[in-house]
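As given, the protein sequences belong to chains A and B, one line each in that order.
Position one of the first sequence corresponds to residue 1 (our numbering), numbered consecutively onward.
Position one of the second sequence corresponds to residue 1001 (our numbering), numbered consecutively onward.
To be clear, the hints were calculated from the coordinates, so they are not data collected in a lab.
It cannot be assumed that every hint is accurate.
[Claimed, not checked] Negatives, chain B to chain A, calculated, CB over 10 angstroms:
#1 Pro1070
#2 Val1422
#3 Leu1429
#4 Thr1486
[What the hints assert, rightly or not] Examples of chain A residues toward chain B, derived with CB under 8 angstroms:
#5 Ala57
#6 Leu63
#7 Val65
#8 Gly68
#9 Ala99
#10 Val238
#11 Pro294
#12 Pro298
C-beta atoms are modelled at their ideal positions from N, C-alpha and C, and glycine is treated no differently.
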Amino acid sequence: MATKTALSYRIQGDTGEWEVVIGLEVHAQITSQAKLFSGAATAFGAEPNSQVSLVDAAMPGMLPVLNGECIRQAVRTGMAIGAVINKWSRFDRKNYFYADLPQGYQISQLYHPLVGEGTITISLDEKDPNAEVKAIGVERIHVEQDAGKLMHDQHPTRSYVDLNRSGVALMEIVSKPDMRSPAEAGAYLSKLRSILRYVGSCDGNMDQGSMRADVNVSVRKPGEPFGTRTETKNVNSVRFVMQAIEYEARRQIEVLESGGRIVQETRLFDPDKGETRSMRSKEDAQDYRYFPDPDLLPLELDDSFLEDCRASLPELPDAKRRRYEESLGLTAYNAAVLTAEAETARWFEALLAESARIQKKGEQEVARAAANWLLSDLYGALNRLGKGIDESPVSPEQGAELLALIADGTISNTLGKQVFEIMLETGDAPGEIVEERGMKQTSDTGAIEAVIAEILAKNPNQLEQYRGGKEALFGFFVGQTMKAMAGKANPAMVNELLKKALS
Amino acid sequence: MSALTDLGVAAIRNGVRDGDFSAREVAEAFNTAVAGADALNAFIVKTPEHALAAADAADKARAAGETLKPLAGVPIGMKDLFATKGVQTTAASHILEGFKPEYESTVSHKLWGAGAGMLGKLNLDQFAMGSSNETSYFGNVISPWRRGEGDTTPLAPGGSSGGSSAAIAARLCPAATGTDTGGSIRQPAAFTGISGIKPTYGRCSRWGVVAFASSLDQPGPMAHDVRDCAIMLEAMAGFDPRDSTSLDMAVPKWEAGLSADLRGKRVGIPAEYRMDGTPAEIEALWQQGIAWLKDAGAEIVEVSLPHTKYALPAYYIIAPAEASSNLARYDGVRYGLRELAEGQNLQEMYAATRAAGFGDEVKRRILIGTYVLSAGFYDAYYTQAQKVRTLIARDFDNAWSQCDLLLTPTAPSAAFGLGEKVDPLAMYLNDVFTVPASLAGVPAMSVPGGLDSAGLPLGLQIIGKPFDEQGVLNAGLALEQRADFTARPKVWW
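Chain B extracted, bound-state conformation (with noise of 0.2 angstroms):
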């Protein structure tokens, strides 16, 4: 029998259901893993004890004959985005250091809720912002992954969450909670030959979920395979009347609704994804994601989605307009870091509290946010955003007349170094294939393809309609098991 830590969700519930061990075990190995795996930085806080006493709830109940609940005997890793009840929650920021919520996030809450059990808090990208990692104020997490025989270069683990991909990919934890606001879980899974799905814009809570953007923020979750990735979804989605966003509709058995036949379906191939500059190797990816499809029976259609080169652009308003709004709130008034000098007044303290709370890149986002709302240029660059975002939704309302889910490559690269993209721009231009997603609110996953060249993982997005999750699960079970993938990291930390 292999590892522990090597089984994912399914294997681990159905395991400890079956008596084949126990999961205090799983607990006590994947909290040995995380305690042995600080040279990837994937943790701010490790919650070992919470990941035991979940356990033991779990043997408790199985030895007492109760029936197991959907997640018992998990333990998970939960992106520290997440409030979480007396469990330091940061957002990888210094001004949320040392805070502590009174409250647990409902996402959060539904997991405990289904029996799984905390690993720890998951490092990021400083509220949600980036695609490396590098903006966390405890220090970028570094992926498992390396290219090649004896190259050490540190690699990203992509971001907003990177801190989950790096883990699941280095067996840390069989799957983790993410955030998607513009690829934040689609990406990472990508560069580290995992699994992530972004629901439907409102089937996951974000009441108790440090706001980044709004109307785009979408929890979801990552893990080892698609499976794994339905069964976390069926536990942490379903209507919340504490989020006014909040879907109200039922949640699906979406692991037992699982079914790689896709004889009916048709899938498109957008044309406006296949841009200058992107990778032969990841271009040719796409070419064996569309005969897997074919290979499952899909009809496979090219479509157009005209407005998809504004999606960026417009997304780098509307998302930093609404994170200046969201991030007034940590002004040193009434929780996380003040900035006092003796003597000073109150707007000194703002200043002084903001300058040292936030990194760059937030500083960086939150002044674009300010000037685009500013009187003057709001109907330029705001209402316009608005604008566009109305026609990329309207772009596949349009493809789906034709098409029931879509095919694209998830980011243009493999996992960058760290430190290679300075260029703020050029960083923002990884969520390229991700955005148009987002800002229609429909659901997107990630599936691991295969290696490139240099042996780093490449992934294969899914879009399909809004609510239809289920098609887009099934679509990456299509392709996943043609890309039977089954490449990890080599341990070196």
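Only chain A is shown next, with the shape it has when bound in the complex (with noise of 0.2 angstroms):
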């Protein structure tokens, strides 16, 4: 019921209830070494004007060369979202003067997007197998060059630019106006970014700027045509675009019921307040004099190196989940969340193939297994210690070989949980651990015997009162087993002497 009421999200107004139709414009860019046009590196965070070449700086006489590495991104980006590859494409220049537009323009794809229409599947509840999803549908996506960044706060008086991120490759991803919440709109961001990261064409850092969203916001009353739309640009995090469309549909809708118009424009979403306002109106709108970019060559794709790019492609999310449910046998929940984001299912892979290689078995058998462990123990240590999957000190093979440990019985499941926690002090082998520090568990019987019989003559008292009928005292017995052996005794086998002994 619950998601049912989020997919049919309404805003009750004072006329009645408001429907919000959402598009997004997801600027992302693209992994490479080199930028888009010119052989300069793209590495974040390095000294400003630092990773510059005279192209990017749009010198005299400078021209562009595109860099086929992003191409072959943004084929494998759209080949993963099942969209239409142009096989003809075509760049365009965007005329228009900022300080931070060395060239004057911008090389981008107006008329012939190198990507066509393609489809992102949605959940409102990644975790819900029965959760309802929905298809949101991708209008395009086209290469284009990034601006570089203009910078405010160097001097009293005089703006800075810095051109490291001039020419960068962005993909410019467009959705549909298919969006109808914003809980729909941050599960097709978050959906987005994972496709993006499994693929490998973008990183996916909001917070760098590597990813971005323009957020396009209309409301209408349900089964009326679309209204005039608003775009909120340069939004970077999957929250703040939840806010920023939340914030716009109910501003949205406040200007219409006081008999007001949305007029189109652009705004900007100010985070500290959670608020959009107007940067400039469809009036003010450059003329962006786009026209074939007379430097550049159509771009022709043939198929071996769409062939090449079909072939690199990863397992994507959808399918990979599918599979840890259907194969593996993994819970709905866990084969969600393993899927998620790819680097924890590359850990989870990793930790799978270790497991089943060094207990000889099948993936089959031990993935439910590593499966609790990697969502219980390391994701509880690494929420603990406030670090990504990507950054944690234990590996999968040091956490195979500790399965390994505990399948076999040589610690309790006890004993491993604070093997556990040692690994992740000293990063010491978990055998190393368990031979060092003695943890090994005992199936010894003539040893727990031993130490039974001893707990009894200690306990009189207990002994009598469980031969007289209260058995709840068999639990009293087996702490005082195992706290005597230090917890090493294999619990199984003091259950069955126990109850041999007591009879």
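Hey, can you piece these two chains together into the complex? The hints should help.
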């Protein structure tokens, strides 16, 4: 019921219910060593103007040369969302003056984009296998240059410009106006980011600006035609996108209900106030004078290039999730969490492969234990340490070794947790820890029987009560035995031998 | 022996190789000629030391018994549209005054690699926009030619490569680079009695050449004769991975392939190039050219290029459209001129910088280009012009089924007086015979055919199939041998 309500999200106004219509234009920086049309480097956080070629600075007579890797990444991204790949595309110049735009134009693709229509399937609750799913249309993906960055805080009266970003390759991923709630937009953005990371075409780091969204919002009464939209530029987190939509939808409703009309305009999101505010209206909109860039030939892709792109695609999150459920027998929840981020899935699969190898079992036999350990023990530890899985102090190989020690009875589950804590602190291998600290579980019948005999002798009262019918005291004897053996006794064996001794 | 400055590229190359004179003697002779010709205003910057250094390298190589490079000992002029490392590169504009690039254009780099030296940077129409050299910020070049005895009317050397044409005609350099967007090599060559070839679009790299109209701009050589053009072009041409529109084809041995024997060649005479108002002398020279080519063994055929009359209007939409965008980078932010009064904002800086930095003709073309690309006008102008361009290219394709080459006049008149053409449209008409080959991207060259009644040179244009520079050069050679053009301007400067 909850998901149903979320999918038919409505805002209650004075005049009745309103529906929100959302489209996102996501700018994703393409992962590449070099810029789109120059050989300059693209690393984040470099000294200002240290990654600028003559082309990026638009020196006289400089010419763009297309970086094929950027095209390969955009094509792979298109394929990952099942999109049409246009074998013939072309670059256009978008002309406008700004200090962060050295050429006086941005090389983009207006008329003939590289990638056509595709689809991204979202679920409002990825962890709930029964949650409703929705297909969001992607209108197109085109490739274009990023601009530089103005710096207004370096001098009291002057602005400076850093051209490190100038010419960096972006994909503009344009959705259809298919989303109807902030939650859907958030789910779309998260899913898109997950796909980009799987494909490896964008690192998806919104806080570093390598992924940002222009948010188009309009409102209407259900069943009516689309309303006038506003575009809120450069929103740089999933949460902010959802906030901006919520704020903007309520603002528009208020304007409409008080008899006003919505002006098609560009707006800015203020993350401190959670508000959007007007930047420029359509009347001030620039005439970009797009025309085909005469410095570049049309881009023609051949079948072998496309085949190589397709062959290089990894298993994508939806397929992976189905496989985890169907072949590995994981729960829907575990499969969803393990596949949501490419890095987690990679870690899990390394753990799984190593576990199967050292335990000499099939992956499906060790999958559940591996998944449970990763999602509870490892995730718990990482949360505590405030680290991502890519920064885990324990490697998948070490994790697999630990799981094998538990699986073959060398240590108990409880001891396993203690060993893991020591691993986190010392970075030592679990086998060594168990060996050096004498944490091996004992299944030595004689040793356990000797301890049991001692315990029974020390506690005649309890023994009497137990034999008199107070069977709850069984746990007491288990505890005492385990304690005496410093937790190293095989619990199943303690149970069995105690029952025998007490009967 | 005649003066060293009378020698062309081949003669200097051979003389240095054979030890008839040293490369240093040649460089010094040209440096002296350049220094004494300020009245022509052909050079914006003189670089005598560059020419001497290249000459000394050639002499040293010869003394060491090394095989000499193809242009060893040959000093040349460099149109100031080519970026030259450490040497001011202005495109004859105020906005780039004082700009010294950190890089060397591909074409100039190749020329220096072939052993050539640089006498200086040659004047031109500002950003290569003009047909008379009157739009240069550094003042117009004056042609060394004059109308008859006693007439001192200053004449246009043609444009935009007017510094190149004037300097070669005045024997200030044996050869020079030019660039041709709509006739900027061929028309000035015709005005000054020299030869010049615009190769197939893409033959010479545009990397490091200040852009005017990217889809049309093409570097090429200008020199006294066809052989010298072939030698120069071989050194300038070649695939450049830094220019996406560069032709990935081997550079033919054009000099070795020169032959004036045109037997088996068919030369088309396009009916549409017979235009009203063409002077009778030009028409007569054209007929003479036909006779010369027949004499060289060619078969003459009448052909039609039906869309010729639309070429000029289409050109004056496409070229300014591209220019309006190409010139946006001159904004005062990173290099060149910056006009920024205290307290002014970015928009004001743009306006002041570009108002002060660009000349009238450049501004006119930026305005035209901005207009034709504007929303609501784009389809009517730019899209339409591109369609016309396609039709013009098709005209040539169709003609090639009937002939191998085309012969036309180069320009509709001989050199005109500076200041005589005040109407921009009248000036644009100068390109009427040269623009179609530019739009089609095919090779075309001008060779001197004779003098008009005022004693001024007239040129003939050979247009060829794509990549067939050899055919163009060979027909040019056949014309050259029969025209026997030996006239030269009398030194008055």
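Results for each hint:
1. Pro1070: Holds, because the least Cβ-Cβ distance between Pro1070/B and chain A comes to about 24 angstroms, which exceeds 10 angstroms.
2. Val1422: 30 angstroms, holds
3. Leu1429: Given a closest Cβ separation of 25 angstroms, the condition holds.
4. Thr1486: 38 angstroms, holds
5. Ala57: With a closest approach of 6 angstroms, the Ala57/A hint holds.
6. Leu63: It holds, given that the least Cβ distance between Leu63/A and chain B is near 5 angstroms, below 8 angstroms.
7. Val65: At about 5 angstroms, which falls below the 8 angstroms cut-off, the nearest Cβ of chain B leaves the hint on Val65/A intact, so it holds.
8. Gly68: Violated: closest Cβ of chain B sits about 12 angstroms from Gly68/A, beyond 8 angstroms.
9. Ala99: 5 angstroms, holds
10. Val238: Result: violated, 33 angstroms to nearest chain B Cβ.
11. Pro294: Holds. Min distance 4 angstroms.
12. Pro298: 11 angstroms, violated
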